[in-house]
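> Sequence:
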Amino acid sequence: MPDRDAIRKTLIELMEADTGETYTDIDDSKNLRTDLGLDSVDVVSIVSQVERRFRIRLSQQDLEKLVTVGDVLDLLQKKLSEAQASPPKAA
Numbered sequence: 000m001p002d003r004d005a006i007r008k009t010l011i012e013l014m015e016a017d018t019g020e021t022y023t024d025i026d027d028s029k030n031l032r033t034d035l036g037l038d039s040v041d042v043v044s045i046v047s048q049v050e051r052r053f054r055i056r057l058s059q060q061d062l063e064k065l066v067t068v069g070d071v072l073d074l075l076q077k078k079l080s081e082a083q084a085s086p087p088k089a090a
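Using numbering that gives the first Met the number 0, read the sequence shown as starting at 0 and increasing by one per residue.
Hints are computed from structural coordinates only; laboratory data are not their basis.
Hints are not guaranteed to be accurate.
Quick list of in silico lysine-lysine cross-link-like pairs, DSS-like style, CA-CA up to 27 Å [what the hints assert, rightly or not]:
hint	residue 1	residue 2
1	8	78
2	8	29
3	77	64
4	8	77
5	64	29
6	64	78
7	29	78
8	8	64
9	29	77
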């Protein structure tokens with residue numbers, strides 16, 4: 000499982016690719032909307048990319064709790080550890 004810094008790096012890459020902006024100071028306390036200037040469309044797009052990249056699913060309830068970069072990283076760490084702990088489902 001990737002560590003928090005690796006997840007942060009991937010998140011920054013996805014955000015930069017999606018928005019065309021450069022993000023240099025992305026600490027856990029940064030608010031996604033007010034500090035980083037993301038709107039709801041940006042967040043949905045980035046979440047979609049995160050789901051594909053990490054092969055996880057985020058629920059609507061998960062998304063409603065995302066306010067800061069730290070919230071996103073905490074959620075991704077939790078989902079990745081859950082995915083790693085549970086065996087893959089048979090097709």
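> For each hint, tell me whether it holds in the structure or not.
Results of checking the hints against the structure:
no. : hint       : in the structure
1   : 8 with 78  : holds (17 Å)
2   : 8 with 29  : holds (15 Å)
3   : 77 with 64 : holds (14 Å)
4   : 8 with 77  : holds (17 Å)
5   : 64 with 29 : holds (14 Å)
6   : 64 with 78 : holds (14 Å)
7   : 29 with 78 : holds (21 Å)
8   : 8 with 64  : holds (21 Å)
9   : 29 with 77 : holds (20 Å)
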